[in-house]
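> Letter by letter, the chains look like this.
Protein chains: 2
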Amino acid sequence: MTAICFCLTGFWCCCHWAQPPTDSSSHKKASLDRWEFSQNQPTPRHYLLPAKNGEEPTMQFLLEVVDILTNYVRKTFDRSTKVLDFHHPHQLLEGMEGFNLELSDQPESLEQILVDCRDTLKYGHNQYLSHLFFNQLSTGLDIIGLSGEWLTSTANTNMFTYEIAPVFVLMEQLTLKKMREIIGWPDGEGDGIFSPGGAISNMYSVMIARYKFFPEVKTKGMTAAPRLVLFTSEHSHYSIKKASAALGFGTENLILLSTDERGRVIPADLEAKVIDAKARGCVPMFVNATAGSTVYGAFDPIHEIADICEKYNMWLHVDGAWGGGLLMSRKHRHKLCGVERANSVTWNPHKMMGVPLQCSAILVRERGVLSGCNSMCAGYLFQPDKQYDVSYDTGDKAIQCGRHVDIFKFWLMWKAKGTIGFEQHIDKCLDLSHYLYTKIKGREGYQMVFDGEPQHTNVCFWYLPPGIRDMPDGQEKREKLHKVAPKIKALMMESGTTMVGYQPQGDKVNFFRMVISNPAATRSDIDFLTDEIERLGQDL
Amino acid sequence: MTAICFCLTGFWCCCHWAQPPTDSSSHKKASLDRWEFSQNQPTPRHYLLPAKNGEEPTMQFLLEVVDILTNYVRKTFDRSTKVLDFHHPHQLLEGMEGFNLELSDQPESLEQILVDCRDTLKYGHNQYLSHLFFNQLSTGLDIIGLSGEWLTSTANTNMFTYEIAPVFVLMEQLTLKKMREIIGWPDGEGDGIFSPGGAISNMYSVMIARYKFFPEVKTKGMTAAPRLVLFTSEHSHYSIKKASAALGFGTENLILLSTDERGRVIPADLEAKVIDAKARGCVPMFVNATAGSTVYGAFDPIHEIADICEKYNMWLHVDGAWGGGLLMSRKHRHKLCGVERANSVTWNPHKMMGVPLQCSAILVRERGVLSGCNSMCAGYLFQPDKQYDVSYDTGDKAIQCGRHVDIFKFWLMWKAKGTIGFEQHIDKCLDLSHYLYTKIKGREGYQMVFDGEPQHTNVCFWYLPPGIRDMPDGQEKREKLHKVAPKIKALMMESGTTMVGYQPQGDKVNFFRMVISNPAATRSDIDFLTDEIERLGQDL
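Note that the protein sequences, when read in sequence, are chains A and B. Going from the first sequence to our numbering is simple: count from 1 and add 536. Going from the second sequence to our numbering is simple: count from 1 and add 536.
Hint data in this document are derived by calculation from the structure and do not stem from the laboratory. All residues carry an ideal CB built from backbone N, CA and C; glycine is no exception. Do not rely on the hints blindly, as some may be mistaken.
[To be verified] Chain A is nowhere near these chain B residues, computed Cβ spacing over 12 Å in every case:
1. Pro593
2. Asp641
3. Lys658
4. Glu846
5. Tyr848
6. Asn849
7. Lys887
8. Gln894
9. Arg903
10. Lys951
11. Gly1003
12. Arg1005
13. Glu1012
14. Lys1013
15. Leu1027
16. Gln1074
[Unchecked claim] Computed list of lysine-lysine pairs in DSS-like fashion (alpha-carbon distance at most 30 Å, straight line):
17. B:Lys658 with A:Lys714
18. A:Lys922 with A:Lys658
19. A:Lys922 with B:Lys1023
20. A:Lys756 with A:Lys809
21. A:Lys748 with B:Lys777
22. B:Lys756 with A:Lys756
23. A:Lys977 with A:Lys1019
24. B:Lys1023 with A:Lys1019
25. B:Lys1044 with A:Lys922
26. B:Lys1023 with B:Lys611
27. A:Lys748 with B:Lys756
28. A:Lys922 with B:Lys975
29. B:Lys611 with A:Lys713
30. A:Lys1013 with B:Lys922
31. B:Lys658 with A:Lys922
[Unchecked claim] Far from chain B, some chain A residues (derived; all Cβ distances over 10 Å):
32. Arg763
33. Lys814
34. Asn849
35. Gly1032
36. Arg1059
37. Gly1073
Kindly generate the complete structure, drawing on both the sequences and the hints.
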């Protein structure tokens, strides 16, 4: 066996290293030689750094990085900076102006590491931070949130037990309770956990629902349950579909619900499909209602869906990954009315509330099911005979083992802004999207994808260049229009001025979806966006 | 419906806010009043900050936070600092010296935010960074890694598409390829992705295996497959069990394999259990071989397990979350010999390689199965008609949608240390554990949990206080010994000097598990640990 082992270390060849020796005594010697080899080299400056001391060369390096980062932040907020400087993958891989992405066996100097940091920021986009970036649901840069994230990575701990993260564990508990109070669950009772993103939070909801109704699936698998079906809107986020596949339900057992012209679930369609599924011998188990759909920003009618869930004994999950933030606004929270009737809620502070990525919570109304669903009582981590109250060891609730500290940046932002500050943030973003909607509704060359005021900050529209504006409706016009948004976006990215998303939806050809989650955006930024669309789309 | 909606906003009561009005015109007015209200207040300093500008007050605040953090790092590396200052949950919740964890509606001043940051670090432990913290598999603080994490959070982007994270996406691809080369897959071919921790990486492996053998489960669910069984060591990490539960296999269909006295799977037991499962009409599908078990640090014999997997057509996964790092060492990589025969490998650079949390990779030998398993082709995110090569849009491979940038800190550390630097890190940690093993083996009062040199840095031992050292073997001695490790650890945490883990395993009563992953530890730290154990355990 030993011979095979050492032979296999020949894989080091691909790293251009010498073949290791083939018996353990010479192996040991070679190893010592190597140590001497590196000892005899002049010590590169970096050897002073890794975790060895807190002395000035180490701290000096860190402060040089801080200098690079603060300059970057300053530049990002400078309104004359381009949103992006686009390069194709092959261009970056070939090495832009000496920026070498390849890893090597030998260390680089610390000076080169600083250059690498600068290049990473230069060739990565600074768009996410920009007030002119309307491409994704998470944008902007909150300096308090950033400070929180820097502190988190300095503490470099892990959420699984109280003993190693006492303050963060308590912050998570208090913040989740506050979120449950805002949802409207009595006294903020219930349970929850922060997870690595809305897709995982949604996956949790399906797992918990299954555990609630069919706890034996945990031990016996899906074959112990009848044929279970899940329901979600045809406009809902694709993570519900991913969860159906991953958890063993199968995507065919996720039934898509029809929506009205504004993308909201039609409750009668849900009930009809529940009845139909039962008639086919299936067991309807779970309904996802979306609060703020990804494309239209639609809010499903939660009360009416909750009535049907109660009638047919199904779990009601509200996916508020995008729309949950509106709960913080007295003006807009009515859009989620009925959310307090949900069994579970996904809510991503890293979207509408401007918290740095990643920060997503799954909140559960009933205590016990989250931990019941996931706990495995690993003896090496969750010892019952510790000297403190081990109910604070939250790790066994999670599908993760190690869990990144996502809470601190959010807690710190909440401290700094207060609930009222989040409300102002959200109201401002919705005011801006109202401004955009009002501006382009009825303006020549624009056509709204659906009628009426958007419910969230999503404004969906087509821009029709003059050349196709007067074409008769029909296949040719549709085909031309389908190409307009991709073309304008490509031109935007090449000129680096702004960025906005587009997509088709159902039988609708590619249209722009403008979203605003960055409170640093202004009305003049909106004006700039429409000017750019018109400038770039003029001759298409 | 409208009336119900507004009524429900009364949940704001729990936030001590005024009831909102009940019709939309006065609603609008009240909303304006509120804006005026906050406009008329003196503007708190924090309002200058959130993402509005890159000017000096903003930058000044950030630099004050940096000052707090660098002081913390300096103090952490100061060997006279206590590892921890333990407080029970109720003590922290009651507010230690004015440290108030509760969130409120109104903002705090920036000065208070700085105090909150200091208090968080003070009452959170600084143990994770300490050279005297031997409690968990991830420890230490690498300043290059920390710089990488600070840059990552400043960029605040997301891994799902090339257009928004071009440099990070390429870094991930190149680094995964390098890891696959080191595993030994020809030309580093294959696939992979960084995931939020080893448990999720292991979950991926089970999902991918199922997709490879039974792709129809993705659409039809687990009922489309025969009764599938999975195999893993009784010493393996509990995440394999969590995956069995979550993915719909059921924990009873995860068959635990017997191990030898050092915690390594007995291949003959695997084959016998495969044959037995087949005889019971089950389909053996997946075997997890652990490379570096959590408690003993054991390495399963991969070659012999691979032979059985090939014979019975099963997927071979190697869970190298803890032991994968040893692949970077020419001296120790032979412990994973045969890993190149695995179909998938979990490897957590955030454990043995000292990368800040979170940094875990799932690596797959065959291209196509990872994306085939997870892709849902969401039109709003992964448009095929973009102007660049969309094969670089990696998001659809993931079970997540948004995905934190875990790659940069790792890439930067690799640049700074070179492959050779990681090797030195690993060799040093293993040398230290060899020192501990040699020191306590045969020393009075110590008893090793298993015979022979540990394979990883895990050193498992009992400390027998003088009072029970000479007791005859039997139940009474076992009961007394079972209480020793928890008691010594509690005393350690109270005195704040050091920290080390303990657990029972099978029929073995509580023993210490010492692990070393922080290259800042020294022989004198090891001496200090044994001195502390003897000092605190003297009178038990």
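> Compute the least Cβ-Cβ separation between tyrosine 848 (chain B) and chain A, then decide whether it is above 12 Å.
At roughly 20 Å from the nearest Cβ of chain A, tyrosine 848 (chain B) sits farther out than 12 Å, so the non-interface label holds.
> Measuring Cβ to Cβ, find out whether arginine 763 (chain A) lies farther than 10 Å from everything in chain B.
Label violated. Min Cβ-Cβ 7 Å, cutoff 10 Å.
> Need the status of pair lysine 922 (chain A), lysine 658 (chain A): alpha-carbon distance at most 30 Å?
Since the Cα atoms of lysine 922 (chain A) and lysine 658 (chain A) sit roughly 49 Å apart, the hinted pair is violated (cutoff 30 Å).
> Within a Cα-Cα threshold of 30 Å, do lysine 1023 (chain B) and lysine 1019 (chain A) meet the stated pairing?
This hinted pair is violated, its Cα atoms lying about 70 Å apart.
> Is the nearest Cβ of chain A still more than 12 Å from the Cβ of aspartate 641 (chain B)?
Contrary to the label, aspartate 641 (chain B) does not stay out of reach of chain A, its closest Cβ about 4 Å off (not over 12 Å).
> Please verify whether lysine 658 (chain B) and lysine 922 (chain A) have alpha carbons no more than 30 Å apart.
holds, 22 Å
> Minimum C-beta separation from glutamine 1074 (chain B) to chain A exceeding 12 Å: can you confirm that?
Its Cβ never comes within 12 Å of chain A, the nearest being 19 Å, so this holds.
> With 12 Å as the threshold, tell me whether lysine 951 (chain B) passes as away from chain A on beta-carbon distances.
At roughly 5 Å from the nearest Cβ of chain A, lysine 951 (chain B) sits no farther out than 12 Å, so the non-interface label is violated.
> Please verify that the nearest CB of chain B lies beyond 10 Å from glycine 1073 (chain A)'s CB.
holds, 15 Å
> Compute the least Cβ-Cβ separation between lysine 1013 (chain B) and chain A, then decide whether it is above 12 Å.
The claim holds: lysine 1013 (chain B) sits with its nearest Cβ about 18 Å from chain A, beyond 12 Å.
> Given the hinted pair lysine 756 (chain B) and lysine 756 (chain A), is their alpha-carbon gap at most 30 Å?
holds, 18 Å
> Can you confirm whether the C-alpha distance between lysine 922 (chain A) and lysine 975 (chain B) stays at or below 30 Å?
holds, 28 Å
In summary, the numbered hints that this structure violates are 1, 2, 3, 7, 8, 10, 15, 18, 24, 29, 32.
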